[in-house]
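Visitor: These protein sequence lines are chains A and B, in that order. Quick note, my numbering runs 1396 ahead of the 1-based positions in the first sequence. Quick note, my numbering runs 2 ahead of the 1-based positions in the second sequence.
One or more of the hints may lead you astray.
[Claimed, not checked] Pairwise CB distance ranges (calculated):
(1) 76/B / 1478/A: 52 to 60 angstroms
(2) 45/B / 1435/A: 44 to 52 angstroms
(3) 1600/A / 84/B: 49 to 57 angstroms
The set of hints was computed from the structure by calculation and includes no laboratory data. In this text, a Cβ means the ideal position worked out from N, Cα and C, and glycines have one as well.
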Amino acid sequence: MRIWITGIGLVTPLGIGADATWTRLVRGERGLVPITHFSTEGYRASVGGEVRGLASASVPQPEAAWSRTAKMAYLAAHEAIRASGIGGDRKRGRVGLVVGGTTGGMLENEELLAGVFADPGRSGELRGLLSHPLWATTDRLHEALGPFARVRTLSSACSSGANALVVAAAWLLAGDLDAVVAGGTDGLCRLTLAGFNALGAADPHPCRPFDVRRRGLNLGEGAGFVVLERSDRARERARTPLAELAGWSLGGEAHHITNPEPTGATAERVMRGALARAGLRAGDIDYVNAHGTATPSNDSVECAAIARAIAPGVAVSSSKGQLGHTLAAAGAIEAAITALVVARQMLVPTAGLEEIDPACASVSHVVVEGRRARVRAAMTNAFGFGGMDTSLVLTEPELGREHSPSHRSVVVTGAATLTRAGLLGTTDSVRAISENESGAIHSLPPLEPMLDLERARRLDRSARVAAIVVGRALEDARGLAPERTGLILGTSFGSIDASAAFMHRILAKGPRFASPAEFPNLVPSSPVGHTSIYLGLRGPVFAAAELAASGECAALQALELIAAGECDAIAAADCQEADGIIERVIAALFAEGGGRAGAMTHGVGGGALVLEAEEGARARGAKVIASVVSAICWRNGDDPPVLPPPRDVVHAQVLSPRGTSGVAAWLATSSWCDVPRVACVGSGGDYEALGAIAIAGAVSRIASGEATEVLVVSLARGRGYAIALSVP
Amino acid sequence: MDESQLRSELKELIVKELNLQGRDPATIDDDALLFGPPPSSTTCLALDSLDALQLAMSVEERFGVRVPEGDEARPIFRSVRTLAAHICSTRADASSRAG
């Protein structure tokens, strides 16, 4: 199978539309201007890449429902879909959607957050916060451009957009989709501008990637989406591709939350991995669109890594001198630009580069303006906070090797939970879901004795819960090499309370008092980054966002990547820390829906499991605890997915972490309808991490012989997940 | 405020702002290196560049004294003693100018 890019959509500081952006990109024009979205008084650096003309671009009504981030995503995804000519029926056409993000609707919510921090009694407009989380953008696209056959939201800070393409590739290789709309989106906001200023990483002047005088990045905003399509389906439609997504690779540095690994070893490993996946040799790469942020540390490390992994002297440029760093959008925007470089046989320059830093001189820089060149294969890099590195290889059609569809079977080799019942491993985690008590909030045992405090000092509470529970699950999996193990963590809302405190400081005291240490903890991928560093995990590392089903989503995401052959072992987890603002938003929502507001006991805790390719687990002599029989997700309005029947109805169980009412109806037509159903109320109450705790509990039931098969079914506000596990 | 009292306050600030949980501020030596080699030596706190930024911001917030950026910051950030001396001398300069 080959994966073709059959459509591209771009919204960038250079223009709305792929052609508008491309024309100015090739001319070396820069979209970096003094930021006007909000007052930049008191910001040391306030030059950025602002998208112009967004107000007059139309989106489906009501207009107010769209955050700036979501609006840019809509425009770019819409353009990509139109350009590709994929049909109108996304579901029957088996078209998926993957969105990478970091700040979501933060711009629209910053003042509200700061206000709520200053006056916790304030209420009324809190619902607006529901446009903030990452999954809200995806939900809006699903409504406006779908319905899609499958949707996913992920975050790995500045590599989010590139990782959206990797997830899409894994879906296509699995064979159940024909095309995937994948990309990233991020709007400028005070939080990121103040944060990068606090880190001393922002240049007050237009930035200069690779230049000896470079002083840091300029933030930018935008969205980039591509349509990735199986080549056989594209051929049936008589479409020629812009380029082929030939190779990809992702890995964690496990080094530092903000600073890149000084050796560039992971960047080099990931570039080599992408080449290997493409079946190409280093010498085949004609051009690299670098991450190239213009920070002193990134550019020299990256150039050296490119020279080692690809070749000294290979043509390199960074689009950030023209667009700024568009954060979660950058990986997708730059992948789209790289595809256009291949399609149009034209290199794009690094604007702002005048005097090449000798430390960046091991590669050949494209300067001033674009130039024609023979480009058969090109690479693009995206590196995120916490050391989440991704490289993609884009080529002319049919240059590299063909990919074989991959459906590896997946097993569970460890599970753990951390709830008020304590820290429990694989055999005991059943207790985490059986203690049907309520009332006690924030009742985890003290975390400090379970951590190496010196190394854990930067971890916030949810990262600490994650580090502990994932560490425990990995301990049970025994002998897994951390450098080859990945980590996917659910994130429902991000750190809302901490973001509110951060924004309050900025608005009350001024941006210069933004906390540099706090800022990296505000991105949704911060807990996963910190945990990967704490545990030394260097496989694929990112966060999956799916409202209250983020834990289930993280497990499914890990399964998909292992099944597709991206990695042999991945820990999947979700951890929920008490967040006062979110609790109030949720309580208000439930009250509005006439739901069980009174029953909302918001708890804290986490659940984790270790998933491995069966072949690999057997080869290393691991004790296999359960096999994954099937794992599916759906949205309201989808036909009920078909589940393989239980082998033994008597010894099977259905666990439902979100109550049994809807589950009974959902299972009515399935062969699981007569299987005993157990409503799973976590010890400590109802909370977002309950799905992950329930899955760990299901593994534990199988491990302890209580059941031979367990189906975990979660229905959470318009979306559903089902994961079936059985004795191996 | 005399310099020794200032040094105690700085140690408390360091423990709180850099989240050195479990560390008793009184056990930080006046002359211990704040930054530098990994924690092989007990006389170095082995802080990193992110800590330096946080410390500079909180020193400015608490004491109203800016720590310069880049190479100039190195001798000031050497130890609690050098940082306290910088704060005192900057304040003395400011008050003599004001006087």
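Visitor: Each hint should be assessed against the structure and marked as holding or not.
Guide: Evaluated hints:
Evaluation of the 52 to 60 angstroms hint for residue 76/B and residue 1478/A yields a pass: the beta carbon distance comes to about 56 angstroms. Take residue 45/B and residue 1435/A: their Cβ atoms lie about 46 angstroms apart, and the range 44 to 52 angstroms holds. For the pair residue 1600/A and residue 84/B, the supplied restraint of 49 to 57 angstroms is violated, since their beta-carbon distance comes to about 29 angstroms.
In the structure shown, a violation is registered for the earlier hint numbered 3 alone.
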